[in-house]
Amino acid sequence: MGMKRSRFLSKTITYILLLAGAIIVFIPFWYMIVTSLKPQSYIFEIPPRLWPREVTLQNYVVALSKDRFGLYFLNSLVVAITTTAVTVFISSLLAYAFARLRFPFKEALFYLLLLGMMIPPVMLIIPQFIVAKQLGLLDSLQGLVLVYITMNLAMQTFLLRGFFEDIPQELEDAALIDGAGRWTIFWRVIIPLSRPGLAVVTIFTFLYSWDEFPWAHVAIKETTRRTLPIAIALFQSQHLTEWGQVFAASIVALIPVVLVFVIFQRYFIQGISTSGLKG
Amino acid sequence: MRISPKRDRKETLTAFLFLAPGFALFLLFLLGPMAYSFRISFYDWKIVNPAKSQWVGLANYAETLANPIFRRAVINTLAYAVVTVPAQIALGLAVAILLNQRIRGRAAFRVIYYLPVITSWVIVSLLFEYMFIGQAGLVNYVLRDVLGLISENIFWLADPILTFVPIHLLGIWKGVGWTAIICLAGLQAIPEHLQEAAEVDGAGVAARFFYITLPLLRPTLVFLVVVLTIGALNAYISNLLITNGGDPLDLTHFVLTLMYEATFGRLDFGAGAAISYMLTLFVFIISVVQIRLLRREMDI
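Residue numbers (our numbering), protein chains in the order written: chain W, 30 to 308; chain B, 12 to 311.
Everything labelled a hint here was simulated from the structure, so no lab data went into it. All the given hints hold, so there is nothing to weed out.
Quick list of the computed label-pair ranges, beta carbon to beta carbon:
hint, chain 1, residue 1, chain 2, residue 2, range
1, W, V218, B, R20, 16 to 26 Å
2, B, D19, W, A209, 14 to 24 Å
3, B, I201, W, G191, 14 to 24 Å
4, B, V211, W, L38, 13 to 23 Å
5, W, V287, B, R303, 36 to 46 Å
6, W, L200, B, A217, 44 to 54 Å
7, B, V157, W, Q87, 24 to 34 Å
8, W, R34, B, A214, 13 to 23 Å
On the chain W side, residues computed to face chain B include the following (Cβ under 10 Å):
hint, residue
9, Y44
10, P57
11, L153
12, F158
This one's a predicted model, so the numbers in the text were calculated from it and none came from an experiment. Note that CB positions come from ideal geometry on N, CA and C, so glycine has one too.
Based on the sequences and whatever the hints tell you, model everything.
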């Protein structure tokens, strides 16, 4: 009996603690939502309120119509989708070679690639800036995409190699005996069997390229090529007190990542565990 | 199984075709730039006309090390790591232990705790800046009017020390979700029967935590210490946005905001490259030391 009661007690405490933590984590988001719904005259009201006195969508209307917000959203979408598609493809190719093919310097090349996971990304900004300048890639979305793909390759290849290695070798041997080439095997056997792994890579890469700030901040000076993170940061520095609009824009920028995360949550957790703990 | 040399050669060729696109990008945008940047760090680099750049030897490194602003930035960065890494691990582990039970609403909790992780640094930095505004900020209001802990508004963002309160809190708040998920994966790998057996033997919650959970979780914790420290030493966006890159008086820089200012503010690419190389070397050494120390403990 005592056991049962202490079980109940520990469950209750668990819920209380989890709920308290969740509230603390969520309050800043809640405050952001509330602020985005307040008229500008209440932005600096004393005391500040966690429940708006007056709800208006004015901030959304103004923020979204100002400063080519639609274009920035589109830029972010183009960059994130292109980066993700190409990264999934190229890192699958790499991962397949490292998981299944025999070739000279295999280990050395793999470790070279892993170097990419250890280098702090910001360290590369200066030389990447110079290379991009020489190739005429500054102020262009292609410049963002190429760098984003490169920065993701090591991690995603590492992750996918793990998934590919788990596919039974017999399937591949059977196809080889039937006379299939490596490309056919890769495309018809490995890829279709690796959907969870590919989903993880998709989510990671999408979130990364949607949120990335340092490189875009350096590489893009042309107004029409901005992505959302730069647009929002600059918007705030230009309209210092218009927090309602800043947060309205932020919330719209947040919607795609929250959607992607909620939809693929299961894969995402799995991916973090696999990629994280194999390290 | 013996494979003919001909098939071997064919397989090598195939492999290199699979590797080609990835390694081309890798060389062009990662390894190449890395080597190039090493060279730049020994020059007074002229971005407009690189041919006129002058070799200055170690001057960029020496001048950076002698610069009091750089030293202050190093201290700020180290303090950030020392505060935020243990805090993230402690809180993340606590959340993971709570979530690692048969409870309803696990998925919902996971989404909420993970929300800060997926939100862009730009957005959350601005959000924390807004909450910590001196007049009419939410934090001052809570501290003064709700809890009565302070009698006057604190001007967090104008003070070279206090401005790190929002920056540190942000770092912890944003990282707990990820840390918790990693810990959770580690916890789930611990066989349940070990816990049950210990419970039957009369081990209390604390005993089970210290004698079963913690030792078996060690590889996960080592991984977290290393990765979070690397992340903390590379912190950049929150500081750039919350302090406007070093305000007040260049006292609040992180190493990387200073690198950014040297490079793109003063166009001193040589100094910027030197700073980033020193940071990378330091990060590398720290990681190796941490892995060594923590591994050794594990072997005992």
